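K.L.:
Each chain, letter by letter, is given below.
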Amino acid sequence: MKKINPNINRENKVIEIRGLKKAFDDFEVLKEVDLDLYQGENLVVLGRSGTGKSVLIKIISGLLSSDEGMVKVLGQQVNKLKPKELDRLRLKVGFSFQNSALYDSMTVYENLEFPLIRHAKEMGRAERDRTIHFVLEAVGLLQTINQMPSELSGGQRKRIGIARTLILKPEIMLYDEPTAGLDPITSMEINALINDVQARFNTSAIIITHDLTCARSVGDRMVMLLDGQFQHQGTFDEVFSSDDARVKMFYDYNFVN
Amino acid sequence: MGLQDNKADTARRQKYVVTRRLDRIFLELYKIYAFHVRFFKEVFVPPYEFKEVVRQCYEVGVRSLPLISLTGFIIGIVFTNQSRPSLAEFGASSWLPSLVSIAIVRALAPLVTAIIAAGRVGSNIGAELGSMRVTEQIDAMEVSATNPFNFLVVTRVLATTFMVPALAMYTIFVALMGAYLNVSQNELTSFTTYITQVFEAITFLDIFSSIIKTFIFGFTIGMVGCYKGYYSSKGTEGVGKAANSSVVTAMFMVFIEELLALQVINLFRAM
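Chains as they are written, first to last, in this note's numbering: chain A, 39 to 295; chain B, 1328 to 1598.
I should point out that these hints are in silico values taken from the structure, not numbers from a laboratory. Keep in mind it's a predicted model, so treat the numbers as computed, not measured. Just so you know, not all the hints are guaranteed correct.
[Stated by the list, open to error] Simulated restraints on C-beta separations:
no., chain 1, residue 1, chain 2, residue 2, range
1, B, V1591, A, E209, 54 to 62 Å
2, B, L1594, A, K59, 39 to 47 Å
3, B, K1358, A, A164, 40 to 48 Å
Ideal Cβ placement from N, Cα and C applies to all residues, glycine included.
Just chain B, with the same shape it has in the complex (with noise of 0.2 Å):
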């Protein structure tokens, strides 16, 4: 009797857990989507905090540019070394430009600066919206009658969402140019010549479709660090752990989302 007491009482506990960690998962999903909801209904709603949206950009964009500059410069230079071999073998290194070209304009820059956008931004975001819920101060602008959520992720995730694609662009240049170093060194390939080539490999559909793809990357990681930021659990711990989770959530995230945005434009390349 008493053994058998025991096993309904494990099988009731273990239920239990069961039961509570459904309950969790579906909070958090719910939990996820009011968030959504309420970004949405906000973003449109005075008061507007233009300038706190300004000073996000310059956080999320001109600080991001050394790191920006220096990793496009190299991967384009890096790439554009590595692709020649197997084009030479075919006797056609003249299209390394367009090769180039078409592989950075369509998925190596807008990959590369959402990544770091996630590691720099985002990790950054986590870490400041953690530590202020951690230390009372969005409490603090609440019992202040200031909508913290305006102030604080609206503003953020707009400046992510319009700063992350004018980043890829920048990054689309500077990688193109990093890779025209390298074909100027190697083939002796004439700016205008390169040039050309570039602009002759790459269509409307390449560039509109990585401008929208980095809008989606840019919300994305945004979203993800106020999220985590803003819900974070108190003390130090959870300051590290939403700047962690930032990252790690974001960047899978970005990746998700660029295998089904490259699935949706070869849908449009086949129309």
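Excised from the complex, chain A in its bound form (with noise of 0.2 Å):
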């Protein structure tokens, strides 16, 4: 269980969604959806699969648009920024894939290169080779640099794709699913990394997952989806003590099963 964590401004919104809404076709995903991140908080967002939690941090992210209500992301409203707008805010939001989405074509140091040859022109290629040596050695994985992404493992790509994001310094960290497909050992790892990566770096971030231990771990505060709609909120024992049969079966399927 993840200790109470002195560091949350609960004063400072970094992210405030009002009356969400988003459908696909006939289907509402997203209904009403309220929420609040507030500076250097993990906030962890639980529910089972297809109930639109990608969805969300997607939105959140700018790679989806929604169909009502506001989404501020360090104040500016996501849905009316203008496309260069929009790439500022984004140099500041870190978006770890669920399966790392790392460039197949280009090895470890290229894939981190890629956003610092981009958003930070001024660096030299000498403070280049220090800050991806700096970030590698954060993820602990300085000896992958030369290595192409098919060969890494599951959980080294994992790693490589939070560096990746976190090259560019971000305020807020989302991440999709991070430990789906990982054995128990190696998302006990990418955990870690999650908690250090919050307390080296400062941020705030929104972890998507149906994994309970996932969820203890790294979650100052949870929120459950379930029919589209946040439904139960708090620190992970204040969410499993509810008598919501829907929250006691996903528990179940988690811990018991």
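Can you join these two chains into the complex? Each is in its own frame, and there are hints to help.
P.N.:
Pasting the structure below:
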């Protein structure tokens, strides 16, 4: 269980969502979703597959547009930004994809260099090298610097994916199923890395998962997405002390079965 | 009453299916139009991805050389060999170099190069971008504030647009060398005589129209491959479909363009 985090600033909301709605054809995925993420906080969004968890963070990062509602990230309303303004905001929001989404035609070094070349043009080659080495050391994978993504294990790919998002020093991290498809030990390592990123880089994060071990290890607060709405929120124990049968079933399938 | 209701319901459903299909066709047409507009908007807007354009030119051009060399050379030999009997009937075997050069420069080399490029490069682009879409690599670029269209589409279309004409010129050279081998073996024509006859037969319009045509072919192959890959549906099946339909559509378009180009060039010849 994660200890209480004293660095959370409840005065400062880095993400504020009100009345968010999103539907695909006739299927309403998100119905009137409200959410706040505070500075320095790791917020875990729980829910079954297909309930719209990933859709939520894709809307936050501007990959998908919302049908209705307000999504404010670092004080800026995402759906009202012009492309260039959205790009500037995206530099402050790191997105770690479920399958890492490493550029498979590039080495690990080139994957990390890719955003730097485009967004840190003032950096010389030597400084770029230093930054890449620093970030790779932070995720504990300096030895893979010249490897291709296809040569890495699932856990290593996740770490490099996280390193690539960290390289631009984001204020907010969005993790999409960070432990999906990993063995329990590698999952624990990824959980530790998420906490380490929070502590070392002072980030706020939304972690999408249905892995309760991950949720318990990294979350300062949890919310549960049921039927397109957040229905339970609080600490891990608060959420799972609910009498809601769906919540109990979720817990049982993770820990009992 | 029940039967009438059923009939009305079936008619309504059929109408719905038709309108859905029409919607899809018009939506697809609009997407293709928007894709082209976006290309022409972004090709002139910085950042310019020179390094990636050079890398793609290498992929499209240099990597196609072995296949192009072999195909061009064999076409030169075979076409010369197959044309000889017809000319020999009229005692016009000495016209072989002229006939072969005109056929190769005007039609064979541009078309064969375009077909090889559609098969090798078009499918590669379709599969690569399709796979990048499926594995969220395109989304990853977007969320890191890098324009994926500029980096992936513009660079590849530029590479095919400029490398297909270069490859076609190379194919002309290789095919003419293949033809020379055959002519020199059978008619004992010297290289100087052969080259003189070749250059006497072809005009500036032949070369110029071939270059313009291959620019259009290259652009088409790049755009089709990128469009199919960039908008491929999710899943591995989508990647296969993107690669396959890139080749089929690009070849189809190339043949249509060849036909149209022929009409336009004939107009110029008639002037």
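K.L.:
Each hint should be assessed against the structure and marked as holding or not.
P.N.:
To see whether the hints hold, each was checked on the structure:
1. Against the hinted window of 54 to 62 Å, the Cβ-Cβ separation of V1591 (chain B) and E209 (chain A) comes to about 57 Å, which satisfies the hint.
2. Against the hinted window of 39 to 47 Å, the Cβ-Cβ separation of L1594 (chain B) and K59 (chain A) comes to about 57 Å, which falls outside the hint.
3. K1358 (chain B) and A164 (chain A) have their C-beta atoms about 45 Å apart, which keeps the hinted 40 to 48 Å range intact.
Violated hint for the displayed structure: number 2, the only one.
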